[in-house]
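Heads up: the sequence lines are chains A and B, in that order. Going by my numbering, the letters in the first sequence line up with residues 40 to 516, in that order. Going by my numbering, the letters in the second sequence line up with residues 40 to 516, in that order.
Heads up, a few of these hints could be off.
Same chains, same label: a pair holds when it works inside one copy or across any pair of copies.
[Said to hold, decoys possible] Derived PhoX-like pairs (lysine-lysine); straight-line CA-CA distance at most 25 Å:
#1 K341 <-> K290
#2 K77 <-> K247
#3 K144 <-> K188
#4 K341 <-> K247
Read the hints as simulated data drawn from the structure, not as lab findings.
2 protein chains.
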Amino acid sequence: MAKNEQFVSQIADIETDFPQWYTDVVLKTKLVDYGPVKGTMVIRPYGYAIWENIQRELDARFREAGVENAYFPLLIPLSFMTKEAEHVEGFAPEVAVVTHAGGEKLQEPLVVRPTSETIIGHMFGKWVESWRDLPLRQNQWCNVMRWEKTTRPFLRTSEFLWQEGHSVYATGEEAERETFAMLRLYGEFAKTVLCMPVLTGRKTEKEKFAGAVATYGMEAMMHDGKSLQSGTTHYMGQNFAKAFDVRFTDKDGTLKYGYTMSYGVSTRLIGALIMTHGDRRGLVLPPPVAPVQVVIVPIAAKKEGVLEACRSLEARLKRAGVRAKVDDSDNSPGWKFNEWEMKGVPLRVELGPRDIENGKMTVFRRDTLEKDDGYALSDAETQIGELLRTICKDLYDRAERRMRERILTVHSPEELLDAVNRGNFARAGWCGERACEDRVKEFAQATARVLDENHTETVCLCCGKPAKHTVFFARAY
Amino acid sequence: MAKNEQFVSQIADIETDFPQWYTDVVLKTKLVDYGPVKGTMVIRPYGYAIWENIQRELDARFREAGVENAYFPLLIPLSFMTKEAEHVEGFAPEVAVVTHAGGEKLQEPLVVRPTSETIIGHMFGKWVESWRDLPLRQNQWCNVMRWEKTTRPFLRTSEFLWQEGHSVYATGEEAERETFAMLRLYGEFAKTVLCMPVLTGRKTEKEKFAGAVATYGMEAMMHDGKSLQSGTTHYMGQNFAKAFDVRFTDKDGTLKYGYTMSYGVSTRLIGALIMTHGDRRGLVLPPPVAPVQVVIVPIAAKKEGVLEACRSLEARLKRAGVRAKVDDSDNSPGWKFNEWEMKGVPLRVELGPRDIENGKMTVFRRDTLEKDDGYALSDAETQIGELLRTICKDLYDRAERRMRERILTVHSPEELLDAVNRGNFARAGWCGERACEDRVKEFAQATARVLDENHTETVCLCCGKPAKHTVFFARAY
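The following block holds chain A by itself, in its conformation from the complex:
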């Protein structure tokens, strides 16, 4: 058995048992653990550091776009949920309800927020008076709760962390424009920070957010060819503005309802990047979110000068803004190699007496598994920086190529079933009728992920009537 095989054997085979591979990887790399209440998760430091990197990158983009952060209460009066008819229908089955507090039964039950359109709508209704108050654009980073029957860490848990942005505009055009702008922002973020290609587009009526006029989603293709909804934006029209009396006096002196929109991504993104980039050895983390970007492993650590050289390199890289870490534990180099490979650290630098003597370092790329001992130590900052950027690009390109190759255009439910069975997305014409959408679901356990903006198909794959849309269908998490 090769040196690395021992470790690989700790995790299930990615090709033959992807679900178990996922579970093994998230637990063994200590990203996450199960909480004591069914369906809950503990995000451990290695996983939480990824979330913090996601937050920092996204938050800077929101700020740049002019959005302000705020914090709204966790508990929402049950009566709020019922003010928007579709909304309550969609969320009522999965809310957690506080009925007692402070030793007494509450007069009105309180819902632990599954999302905050209602309570934020209520506050916006209080704050918005004049056109001068618009647009109002706020975001919160918080926990939300949706009681789920089947749960998996990061992908679907009773409680998860997310950001939810909410805006009110004076006109529907502006609110819609922001719905598209935020979808683009998410797409750019997925590409540059998560190195993850996505399909973006409008959701069908069946798949849209409860209470929205229109929902737009970004979908990513996982290693097994299933789709993961990785972010959504919603145009609400005046639905929530009317339910919560969000009105403003316009320039012409008349009282008008505002138009609202919302958008969110969650800790699910961590699941997305694991299942996009991971391989049989475990995690492959994109450099922009990797808690450790470069691990430095001393070779013959007890030889004079080796540990010092490692520490000095670590300090230099840190000064250059690289998240570097020397592994100075008692474990053998081989053990360290295996562990940090499983943990998905983008680059490993090995530094031994001979390297130091020659002014060289050996660099191992986690994504390609290539090792190169030709790097000059003196130029480490530049070389490492360049390598990290290259890895980003290569990770994206590889995933993008895979996605492109695995989107098959199909013309019948049978073809669609065959396509998704073989781990592909299926692209097909659709008449726009719910019956045909339902039939695809029943026949192939695949759902309409998003509409393709590039609408080229002419007939519906199910009924043969003229196609109103071209749709990306897939099995989904």
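Fit chain B to the known structure of chain A by using the hints.
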């Protein structure tokens, strides 16, 4: 009526009606608003930005100290709460309870975390196996809920935001040492970031955390002479380790219980800094946490070059790391002065055609209300940076002087009552008996805030017996 008086009149007089002053200030400066559920608050962008600055500063200190961030579930099984007898007694009366979720009644009610010793103890019990796993030091930034009868924004609300750090050590000495270290860290943070002097020390048995061996607190003197508990650290001994089976195999091969400690500060700190530094015109924000550190107000904004000069100064200051903002709204300069004074922005720069011509700027200091038109525009970055540092120091010194002057050593309950009635803290000897502590509370509505490390008093103020401790007593929020 002077120009500024119109604004001042919007808020109650700080000297004669401090509670109303506080409410007026937090609402009118849009730090916060009331949530729809009684006792909840919405933290608005201006308030949330202060919290983000607090978080950034504290988080960097925790990281530097080697603490890692994580996230633990919101909902705690009710049975967990009862595993530590004192803990459940202390928190049971104020918990909110989820009894239904996913459309069904839960088999076991779930408590919305009032604090996380129990659930984190449970997880630590799962993770800790060997002495190699210790110490384990984690922190989370999250929301917590304690159902309160009387609430006030930031000071006491059903839900609030905080950080809670939890550590396990192999020995009690190490865990105790961290309890002190974190108290010192809080004190240094209060001084340098909030410009707020504090008294730190051990709490009495009566005032300690439910389940702790010892609690240490930092107390700050508010404008009205009342005390605000602004942070606490707790040494738990083996109480929670035994309740949650946190055991490790020590170097000698034997199985031992760990020793735990925890520490936390909350959004209450925002209330603390408001009530420490505020004056009759409203907020006075310490520069390190002020969302806007310098507001630039154009004078004769329509004159050619004025707005451009303001924007160019803003850009220069931002590059120098200063949170600067041009107020280019349609309001009059006078209106802007008033608004930004109420909002507590540390520095105002006024820039008009004459200033620009002379290469000068007029700078107004919010803390001293002094205006100086002698600053050179060319040197703005250095001057503003220096002024911000000076304001920090001056704010601290002023508050520290006030606190020192208003701690009176007393020798009887009557003297103590008189001292606190006149807005002072009272320092007194105490025999250590609960009866005397209770008597002070009943007689003067004052509680033991912390023990004075500098124990100099020889007799108990109540019973006349020998004093075991010297105590700072005060009325408290």
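Okay, the hints, checked on the actual structure:
| no. | hint | in the structure |
| --- | --- | --- |
| 1 | K341 <-> K290 | between (76 Å within a copy, 23 Å between copies) |
| 2 | K77 <-> K247 | neither (27 Å within a copy, 33 Å between copies) |
| 3 | K144 <-> K188 | between (27 Å within a copy, 14 Å between copies) |
| 4 | K341 <-> K247 | neither (60 Å within a copy, 48 Å between copies) |
Checked against the numbered hints given earlier, this structure breaks hints 2 and 4; the rest are met.
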